[in-house]
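Protein chains: 4
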Amino acid sequence: MDVITYRPDPSEFAWTFGGVPPVRKVKPGDVLELWTEDAFGGKVRGVDDLVSKVIEFPFVNPQTGPFFVEGAEPGDTLAIHFVSIEPSRDWASSCTVPLFGALTSTHQTATLQEPLPEVVWIYEVDAAKRTVTYRARAGEYTVELPLDPMHGTVGVAPASFEARSSLVPDAHGGNMDTPEMRVGTTCYLGVNVEGALFSIGDGHCRQGEGETCGVAVEAAMDTVIAIDLVKGRATPWPRLENDSHVMSAGSARPLEDAFRIAHVDMVTWLSEEYGFETLDAYQFLTQVSESPVANVCDPNYTFVTKVAKRYLPRGDAYGGMHGRLNDVAGAYRGR
Amino acid sequence: MDVITYRPDPSEFAWTFGGVPPVRKVKPGDVLELWTEDAFGGKVRGVDDLVSKVIEFPFVNPQTGPFFVEGAEPGDTLAIHFVSIEPSRDWASSCTVPLFGALTSTHQTATLQEPLPEVVWIYEVDAAKRTVTYRARAGEYTVELPLDPMHGTVGVAPASFEARSSLVPDAHGGNMDTPEMRVGTTCYLGVNVEGALFSIGDGHCRQGEGETCGVAVEAAMDTVIAIDLVKGRATPWPRLENDSHVMSAGSARPLEDAFRIAHVDMVTWLSEEYGFETLDAYQFLTQVSESPVANVCDPNYTFVTKVAKRYLPRGDAYGGMHGRLNDVAGAYRGR
Amino acid sequence: MDVITYRPDPSEFAWTFGGVPPVRKVKPGDVLELWTEDAFGGKVRGVDDLVSKVIEFPFVNPQTGPFFVEGAEPGDTLAIHFVSIEPSRDWASSCTVPLFGALTSTHQTATLQEPLPEVVWIYEVDAAKRTVTYRARAGEYTVELPLDPMHGTVGVAPASFEARSSLVPDAHGGNMDTPEMRVGTTCYLGVNVEGALFSIGDGHCRQGEGETCGVAVEAAMDTVIAIDLVKGRATPWPRLENDSHVMSAGSARPLEDAFRIAHVDMVTWLSEEYGFETLDAYQFLTQVSESPVANVCDPNYTFVTKVAKRYLPRGDAYGGMHGRLNDVAGAYRGR
Amino acid sequence: MDVITYRPDPSEFAWTFGGVPPVRKVKPGDVLELWTEDAFGGKVRGVDDLVSKVIEFPFVNPQTGPFFVEGAEPGDTLAIHFVSIEPSRDWASSCTVPLFGALTSTHQTATLQEPLPEVVWIYEVDAAKRTVTYRARAGEYTVELPLDPMHGTVGVAPASFEARSSLVPDAHGGNMDTPEMRVGTTCYLGVNVEGALFSIGDGHCRQGEGETCGVAVEAAMDTVIAIDLVKGRATPWPRLENDSHVMSAGSARPLEDAFRIAHVDMVTWLSEEYGFETLDAYQFLTQVSESPVANVCDPNYTFVTKVAKRYLPRGDAYGGMHGRLNDVAGAYRGR
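Residue numbers (our numbering), protein chains in the order written: chain A, 1 to 335; chain B, 1 to 335; chain C, 1 to 335; chain D, 1 to 335.
Don't read these hints as lab results, they were simulated from the structure. The reader is advised that the hints may include incorrect statements.
To be verified - Here are the simulated distance ranges between beta carbons: (1) 48/B to 231/A: 43 to 53 Å; (2) 311/B to 327/A: 31 to 41 Å; (3) 71/D to 311/B: 48 to 58 Å; (4) 58/B to 142/A: 50 to 60 Å; (5) 46/A to 272/B: 51 to 61 Å; (6) 47/B to 139/D: 55 to 65 Å; (7) 272/B to 310/A: 34 to 44 Å.
All C-beta atoms, glycine included, are put in the ideal place defined by N, C-alpha and C.
Pulled out of the complex, with its shape left as it was, chain A reads as follows:
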């Protein structure tokens, strides 16, 4: 196990998936100790730091990477396992952004109405207590919420020679904003270009399902990942696995298409890996799926569908990759 440590300088951030040269070469089996800046480049630090004032578009959602994975070729699958995700500061921020979010008109769902006001909320992060503290801006209400760190953005270079903004989720992963991307999860991404060229970013101390206002509890993160490669097997849409569930993530608009993609992919996965006939898989999934919406605010919306392993026939997804990466994580922690 080689351990690689990388902390990007602000000049090294990536703002797209694809179209950016790699910052490091890594190889399957490596463990990476990374630092990721928050989605606002660390610039929203107080209640007066309105996004419209402190952010210059398109410099939003900086990514750490991309990393060139030796041996990764189109048609393979990259596996990224989250060993550790820890806030690197004792505060985090959230806010409204003009014409961004689920409960406002946007540049796409365009109306003639005025944008909502811009407001910033600063959260205290207590890593020891495992809490973040919400404080109302109007009135006195305060409540501690569980710290549940995750990465909103995980992806590889897209297919078709495209370069996509780090704000976009699609088949290459990207800004999926699912709370399932937490410690203990393995993310499978289909490789589209030589070296895969993966990046991560957009740490959240926590978020609700849907990321309704468009902004989670945003934080810089110290994150450790273990990576590996499944040669010769393609993965059409991002898949996730943890000790209890297998999951598929679809991203599209309208939201029902994100749902359809995730569920068709899960039917396919159940058929290929667990031996279900297609309609048997459809029926089974209908009765057992947990389907947490990820985001309803980004350029594509994202849905995740989950199937509990305890309901599945015996069998290890991707040849047991998740178990092996769990072992790597254990070995790393036990050094």
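With chain A's structure known, arrange chains B, C and D on it following the hints.
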């Protein structure tokens, strides 16, 4: 506490919300012991009972009701608390229905492709073990899934002089198909016509989130509900409450509109009942919501958003109605 | 040819399709001279008559009817030919309505933003010059636009025992808001209940495609229609025919589903009536369709697709019904 | 007037907007004589040339370009005027493509159904008669349709460091597939990167509105364009102008968002350039818009809204650019 028992004859089923005379008068505080037929009128009993053969449209999803609630007037809110939901047979059924479901073209999402094949799955229901058994039609795979009984359809007569098919969810409730409609839940529905005229039906032994193929584990149910009335307070979209969560349910197409309705309604509810300023509620909801999709197959899609009471300021929704109905349920069980 | 004249008293308006007893019996071959009130019940007469002040919901979009057509049974098709549509007053009105229209959030596309301001525009109608005059409310700009009278709402009682608000377009017709519903057009509607129970209303002096702000140049109309019946032939979605085109109208959300419905219906129609194989029809339609959007503001959106008869194989739709109704119209005018 | 002639070698095609170095430098005022290959790279030449056999993804929809426009900077607007578009062969092709098109499930609107069969139609192009001939594959039906040449794809490099597949329409233009992109039209595109880096391709001999099956009458084209630059004025979404109309084009999913974008942009344009107050523009547009749908098959759907100049206050859009480019076109033709 008056206990009213009602088991409809097939000739007494309602097929719409609105447009149907009441079968009984009831009053706030009553407990109703009801029987509901399954969504197929009990006609899908074996693997050869294809819906296209045994069902004559529009005679699908029969409802038990409507009930006229004394004193209910437009502008009031009806509260229906689920005391008990028990399968009334030792089997249940599911199937594919041509051009119905999330992973097929439909009469709305119309394409030129052939429909999927019709297949029926029969589940064994073991009320003692609290399981239903899935059996693959192709191959040998069998698995016991937890019994988690619920009603897919709960509603009142709609506004605007409309009568809506029992297949439709909308502001009046109806075919929302959310697994949250289980024992221990109180459902709040705005009253649109004198007497409210509520009905229930469409029992499910369980379903996944989204009811992907369009058909859950469908079963006739013996169901006990306690009802009450909140005078002079309107409820724009269905709301639910259990011991741990408050919830809003929105129904619309596309699916993001169902999400928007549910979340705007929850922001409104948090503001009115828990004292949040609007944008503070938006921010709070963004970080704490659990947002299980209900159905992605019916004429309107349904989303539910949930907020855990442990994160909320003190305060009882609807003047403590849920607690009082819990007490009624306890008194009923303790008779 | 029997000519029936009917001018409803305000107490006789219908506010739904379905759920209303007929006002008259008519028979195939009859000509009806009708008066229809405007969508606001004639209450928006000046710039201070804001809808929120002068309209009590759901008393909006009054319909003239329903009419019971003798001999009409489920599975038949009703043909309604527009012989004449003339504004019955020398003014018409339009306005913004809070949370209604394509360029605002709505009760379905719900956001936390403020509604747009309410504004009323009054148009002068010059029936002799065939113009309506737009006058800006801010500034001096005035322009004469061509008078192009049409009915936004034409429909029959829906299937499935439903009653639908006159604001809703769907398979039963209703509030489609297509400018194609003008003089010289025959509208075909599938019959769902004995007598068909059709109504018309919502006259527009003109509208753009999409009825963007939700309100056309609304006017009371003196309208003459000729009706007939195609026995034993069902029509799944509304179809229109004029001297130059055949058309299908689909209504649904999202808007692509309305498009899909209209185009699948046209492929079906081309196949059944003009002898195209299905994929040949799909290809042909792809290259020749004109597809004017009708409304993007109502509870369902509506798309129309048109095929020019000059590109079609010989053949008369519905056995030459449109030609026969043209003849009836000629005979009526020539009396 | 400098006239530049450029015919790309297949190795010089561009497959994306953005991410590709320029093939030529040009300057405002130049006229370009270009050749564009058809969307299939000329490989669908007969009825057995199924796309799944002859096309290797992502090598579809080749673009001629990009061209670096001297002096073009972010915040400027590029104007491209179509002087001539002539089919360069005497045949053109169309076909079904698996899981592509409006009346089939797709990779986004994913279902479990089988794709439609692949079929190819070859059209005869008669440039003298100005016709293309449709021939049914099953049966004998043949019909001559008017030749109406246009470019489906016209665009510049996108913002945000993105590179987008030539199949995608968005704010940078791209694969809008609107029949309005014909001779006599000026297309305005906001410049996002130095030099604008525009390309064109995807010639169609004609198409219906919506490009329903996803494939128009595809043809290689000999095309002449005149280009110019509006310094210091941004254009948020593509706009078009011809002698009779001004137009805005929005691209998004769901389709109502494409409609919203186009109509909000037109309200903005009417306000900025023709002096309408916002709500006056909204009202005016509601009554006068023609809104032809462009495509309902690409990764984003596209809507165009048109306003007839005869209804507008006096005033020349973009300082009279369209008129000047008309003059350039006249001078070029008169050489």
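query: Which of the listed hints are broken here?
result: Per hint list: 5 and 6 violated.
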